[in-house]
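Chains as they are written, first to last, in this note's numbering: chain A, 1 to 174; chain B, 1001 to 1419.
These are computed hints drawn from the structure, not numbers from a lab. Careful: at least some of the hints might be erroneous.
In silico DSS-like links for lysine-lysine, alpha-carbon gap of 30 Å or less [as the list claims (entries may be wrong)]:
1) K164(A) x K12(A)
2) K164(A) x K51(A)
3) K52(A) x K89(A)
4) K1158(B) x K144(A)
5) K1392(B) x K12(A)
6) K1392(B) x K164(A)
7) K164(A) x K144(A)
8) K144(A) x K1392(B)
9) K144(A) x K1148(B)
10) K39(A) x K1338(B)
11) K39(A) x K12(A)
12) K52(A) x K164(A)
13) K136(A) x K164(A)
14) K1229(B) x K1315(B)
15) K1158(B) x K89(A)
16) K1370(B) x K51(A)
17) K52(A) x K1370(B)
What follows is a set of in silico ranges between Cβ atoms, one per label pair, in the way DEER data are often shown [as the list claims (entries may be wrong)]:
18) G35(A) x G1264(B): 47 to 55 Å
19) L1334(B) x T31(A): 44 to 52 Å
20) P50(A) x G1314(B): 29 to 37 Å
In this text the structure is predicted, and so the values were computed from the model without any measurement. The beta carbon of each residue, even a glycine, is placed where N, CA and C say it ideally should be.
As a plain string of letters, each chain reads:
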Amino acid sequence: MSSHVFRGRVWKFGDNVTTDEIIPGRYRFKTDDIGEWAKHVLEGADPEFPKKVRPGDVVVAGKNFGSGSSREPAPLVIKHAGISAVIAKSFARIFFRNAINVGLPVVICEQLPDVTEAGDVVEVDLEKGMVRNLTKSVEFAATKIPNFLMQILMDGGLVEHIRKRGGAVWQDIG
Amino acid sequence: MGKTIAEKLLSRAAGKDVSAGDIVVASIDLAMTHDGSGHLAIRAMKSMGGERVWDPSKVKIVIDHVAPSAFDRTSDIHNELREFAHQQEVQLYDVGSGICHQLMIEDHVCPGMLAVATDSHTCSYGALGAFGTGIGATEMGAVLMLGKLWFMVPETIKIVLSGSPPPLTLPKDIVLFVAGEVGVDGATYRAIEYEGDAVREMSVSGRITLCNMAVEMGAKTGFVSTDEKTREYLAKVGRESCFQEVTPDPDAEYHDVIELEVDGLEPVVACPSQVDNVRAVAEVDDVEVNQVFIGSCTNGRLEDLLIAAQILDGKRVHPSVRAIVIPASRRVFLEALKLRVIEKLAKAGCVIAPPGCGPCAGAHMGVLGKGEVCVSTSNRNFVGRMGSPDAKVYLASPATAAASALTGRITDPREVLNR
Ligand code: SF4
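Construct the complete structure from the given sequences, taking the supplied hints into account.
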């Protein structure tokens, strides 16, 4: 698999998962140790999740994933827990930007969440913009995102992107 | 073709003619960060190779989220922010100054500006006709270094509020009603323009409440066109010279126009745990309350404290309720002291805490325990937002919050004001 293809076991969530469910303020403000935060990742939506999640797993969710706060620790803590990608019908605006900036692959797909159950195995091909549920043998196209965002994501986030290129590609949009 | 407010303001900031759907890079007029994420933004800027902020006069740092500090790690973060502000010659608002958005609106936001901050409620600035939107810490790192950021020019939903609300039905009731109609993702990626006579009649403080909650419907930002009230507000805070007119073109194109009547509205609450779970107070008035919070960037201004004091004056907070009142800024605090609003609230048994976010983000000063119920004038009632994931938060107007503090259960303010 190329570094932009991820395959993993699915954790399934519903609509409107909020940033307070992903990482609530009562942990976030006490420390800036991401390892500590990761112990509580998505605990508000599924109390067992932090214990059961394994590196490489994929989160599949409904509409408006990551609604609420602008807190970047939300996508960061999901990435730190080893989640390789989040596939949702739609994302809250700031969460989506933050995920790309911290290098957490986020994929918008209307159809896949409806046919996917917890425990299925799915594959994401970022470069081709395809998502597959291997358990159910179905394949869908992801919603296209602008090229410059894809470049930031593939560089591993905005910090790495700017370091590597000496600036952000979007500076040239004019 | 005519332009919406969002299209006009982003056209100016990008230096070219843009419309909804375009992706643009725009110059930032105001960049703010706070103790919830400022340290991450600073570290991001440094990791990107940035040494100095692009323009110290356009950068503001506020210590408000856990202020004064409640944990040793937070104190370290505060010191990191103080040191950075000092080194970079950037204005710092230290503990007790107030909530970041209130401070930006009082001291810095001007009609027409493009502002970003590491906070989702930056959308509040639209109440003065500015484009304000929230970004993450890493992006703020890039903004601090470059002074620019990319934006997708949003489509706009126009929400026309007509009629005039009955007494004790406040801007908060109106915006909760709107959120109930639009839904928590009904405006995702879009801007909202609030229009109509109910908005024209509303004070700037009420308009801030409206715009503050635009993000609770998923919106990128919310706007109210400027008018004489905007000018008067700016004059009151000593900045009349920055007034300019910001209105949409009459032939602007909207994604959707939603018309709502506020005439027959009554006090409402957003029930746990989504902001669009809105019901009439009368439907939930048997719910017992452990804590009442009157404050936050949504409802911590003078007129909010005034209505609370009017309801609690000469009475006592119910013995089973902790009522926490936090002015949104030092300016609000001082005005409330002068008008003896603070005295009335304290005499009634309220806990008055220093200007800042207080318990809104669940970090300190009123963190909820298991099974507790809080009536809060803030903007989010999510699971775990204000403490235990088993606690329940009902969002309400300051009048409903004060009435509930009095009776110990969720209460329609009309029930108690003339009692
Ligand atoms: S008062 Fe609450 S919503 Fe407003 S900035 Fe502070 S934590 Fe955020």
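Check each numbered hint against the structure and report the violated ones by number, ascending.
Checked against the structure, the hints that fail are numbers 1, 2, 6, 8, 10, 12, 13, 14, 19, 20, while the rest are satisfied.
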